[in-house]
Amino acid sequence: MTFEMGEETREVQGTWDISTYKYLIDGAGMKLLVDSMKEKKIRGIKCPQCETVYVPGPTFCRKCYIDIDEVVEIGETGVVMSYAVEMADVRGNPLEEFRLTAMIKLDGADTWIIGTISGMDWHDARIGMRVKAFWVDEPVGSLADIDRFEAI
Amino acid sequence: MRNVGIIGVGYTPVFVSKRKDVNIPEMISEAVDAAFRNTKLTPDDIDAITFGNMQTFEGVNMPHLWAADHMRALDKPYMRIATGGTTGMSTLHSAYYHVASGLHDVVMAITWEKQSEGDSQVGLSGIVMPEAMVMVQHGMDLFGGKGMGAMGGGSTGAAAYQAMSYLHHSGADPEHIDKMAALERSNAALNPYAHLRKKTTVADIQATPFVSWPLRFGHTCPTSDGATVAIVASEEMVEKLADSVAWINGVGCATSDPATVNFIEGQITDPAEQEPARMASSKAYAMAGIKDPSKEIDMAEMYNGFAHQSLMWLEKLGLCKEGEAHKMLDAGALNIDGELPTNASGGVFSTNAIGASAMNRPTECALQIMRKIEGGHQIPKKIKNAVSHGWGGMFQYVTVTVLGDEPRHGQG
Amino acid sequence: MQRDIAIVAQAQVMTDSLDIPRERMLFDLVKGLFDKVGITRHDIDGFVLNSNDFEVGHTIANVFEDTPCGAYMKDETHVEADGMWAAQYTTMRLLSGNYDTALVVGNSSGASTFRPYLVMDYQLNPTYDRQLGILNELSTAALQARAYMAKYGAEEDDFNEIAARLLRNAALNPYAVRSKADATAGDVLASDYLYEPLRQLACYPFTDGACAMILASGKRAKELTDKPVWIKGMGNSVDTYYVGERDLATSKSARMAGERAYKLAGISNPAKQIDVAEVSAKFAYQEPIISEALGLFKEGSAGKVASKGLADLGGSMPVCPSGGGLGAYVFTANGLVRVAECVRQLKGEAGEAQVSGAKTALAHSQDGFCAQHNGVMVLSTEEG
Ligand SMILES: [Zn+2]
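Residue numbers (this note's numbering), protein chains in the order written: chain A, 428 to 579; chain B, 49 to 460; chain C, 827 to 1210.
Mixed in with the good hints, there may be bad ones.
[To be verified] If the Cβ cut is set under 8 angstroms, some of the chain A residues that face chain C in the computed set are:
1. V439
2. Y448
3. Y450
4. T486
5. R489
6. K490
[As the list claims (entries may be wrong)] Under the rule of at most 27 angstroms between Cα atoms (straight-line distance), these lysine-lysine pairs were calculated in the BS3-like manner:
7. K862(C) to K490(A)
8. K288(B) to K1134(C)
9. K288(B) to K369(B)
10. K977(C) to K1134(C)
11. K343(B) to K430(B)
12. K1048(C) to K1130(C)
What the hints contain is simulated information worked out from the structure, not anything from laboratory work.
All residues carry an ideal CB built from backbone N, CA and C; glycine is no exception.
Could you put the whole structure together from the sequences, leaning on the hints where they help?
Put into structure tokens, the structure is as follows:
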């Protein structure tokens, strides 16, 4: 007797227990940043060798490969290096309100952060445009203390 | 240094959204068998095997071990490579070095992904899982609704920022992305191993909604199930075993830093800068003895999860000057019968079984050089030199392979 | 081999409870290694990283490893298997002539980040074995231990003797996370069964850590160190996934991996020609299976080796003077650590665990259930 392999496919469920991970993450630079935000300031770390200013600051400079710890204050104004306008959600449904977000290089920093830009028609957005951070009334030491950026 | 050539390629019969009729090793073995069929080799001819995929996409740890029997790998040297989106080409490079080292003569590189069996969103978010959690703990609105949003860019992620930066610096218009997308989808329609195979016009692309300006739905890649296998051999064994060959004349790879959503250690890189592309391609060209790629390269296969990237990479890899790629597109130079046919296969943009995506670029070049293309996308002109490219990680990895119809003349 | 390749230097870090981020651990380790050798990251022309997505809980594990390992804007690739495969790949890249100075770094934070046995569960065929829930790291190991006992008449006490020796050796190794200077077979017997016949002290301790190594072409290696350790041979081989289809009392793939490495190294009588061996054994019982397959001892001789102390530090064929996998077992990096321990021996830097006059060493690695995949490297103090 022979057995002919027919077309039968079964599906079985499995999981990847990503929830069970206990990660250790370097939070020093992040803490420095949110602590400064409580005072409506933005602080990062500067490499004494190549003078790169990182926000938030890592514990070492990836270019010079040395430990770094010099705290520097940077500006709340900066330049839009690139931007995008969110128009649909993950499933492709159009958003009721479009969202203009940008990669911003704050004055005095060499790193880029991402921020939401409000108060302008997205059609007028440009790379190279200058923007300023606007703070919430009562900062608590959280990344949400910057409410929005606006063009200046 | 030893010369190494690709002597055969095997694909799964199709690249589609869901292969429900086979399990993971069964699916991969279809490509392995195809490679044997196409080369008339048997498992006994293979000295060693390299294997690559992104394991979190299926949730199987070290799947090469489970698949060993199906890969005809038993009793052979076996090596698993994983480098994100570049995995496919990194696995080919590993096979290359198995031979170039002088230790082995005939090596099989196996790459695949069966994305339908896993959760691609879990796989992707796993890249930054702990970092994202720390940002949330510190009050960040991850999706950028207000203030500082780490994952701004919407569901295309930072690709939209990359596209915008590319458009700004090159002088191209968003319509050029539509045009490139239509060209590649139409190329894919001719390729039996492509996933999205429908002749597509610019108007078709423009009818799709914007996800995140300047990127539309019609600019994004699918998720696919499929596998690709390449067999490489030393010059001596090429003579003995092969009826045709495409020489691997240059290889290169490079990394920068995680160039997006890197809110833990501060991001210092423009996602459209892609310095590793220059580094990896310079090395590969030097090995291959290519002095002016814009003149000496006859075809290009670029890794493009998003349609703007094909144009961007042509510039980063020195195939044209900055700001020229979209002009070449307008002039028809990137068409299959143009001066620099680009992604004649339809690209990653039309077929994306992630682990195999960066492998399908050099295998397409190899088959074009050998003139063994199945389907209607054989490039009419003779191909002497071809360049293929892979891209991955968090915008940080680039791999480059230069292939030729003759063994290399370069140094090193 | 078509070019002489040597290991310049090694560095290790291990802990049973990681209290700094993995990235910081890597920076400290690699930076320390560069400083020790007197080079910078710019002297490295190829970086090969090595880790596993499941263990560290990151898709594309190397994404956040590049910058701490010094690979920013450098040539980099990543092997996702035991670290010895990364070392072998690095050697191949150097052999090709395309690289001169390379760094290989293996790491895992699997012990503190993830439940270590679960990493193995995820290696199971997800459609059958994983659903069934019978096969796992310990149950397959118990089957293999029993297979060896049944075939060769070995006793649990033989394994306890092996474990005791490894725990004593681990006490001489500054990197070990578990050790007992005066361990006896009785101590091992007194520890609980994790899974009969596997006693807790005969099983690997969960370990986090990393291992980094600089490899170079012969000329470059001699510029960088007075004591290069030469790579004479290497090989690997894989068995069937299905444990039921293997003779678990022996290891075909370890034997074949050894034969491939010996052929390159010109070794015909490993028991005589090799002075010290570092074998990757997760459990005490695995050491005889593997070292016998590698030709270091006669088949089925665990009892005799243990009673005569042949594998002891002063024995005829010292195995794992570092304490091996029972002193510390960093998943993924473990095979790399075995290579590093051979380097310490051949450079004469092993302190109290030094095997006197060691000139030729063997390092072994494994992956998979019951060591499905085995790798071997043969190292020597002698060039050429
Ligand atoms: Zn610096």
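Evaluation of the provided hints:
no.	hint	result
1	V439	holds, 5 angstroms
2	Y448	holds, 4 angstroms
3	Y450	holds, 6 angstroms
4	T486	holds, 6 angstroms
5	R489	holds, 4 angstroms
6	K490	holds, 6 angstroms
7	K862(C) to K490(A)	holds, 20 angstroms
8	K288(B) to K1134(C)	violated, 53 angstroms
9	K288(B) to K369(B)	violated, 42 angstroms
10	K977(C) to K1134(C)	holds, 21 angstroms
11	K343(B) to K430(B)	holds, 14 angstroms
12	K1048(C) to K1130(C)	violated, 42 angstroms
Hints 8, 9 and 12 from the list above are not met by this structure, while the remaining hints are.
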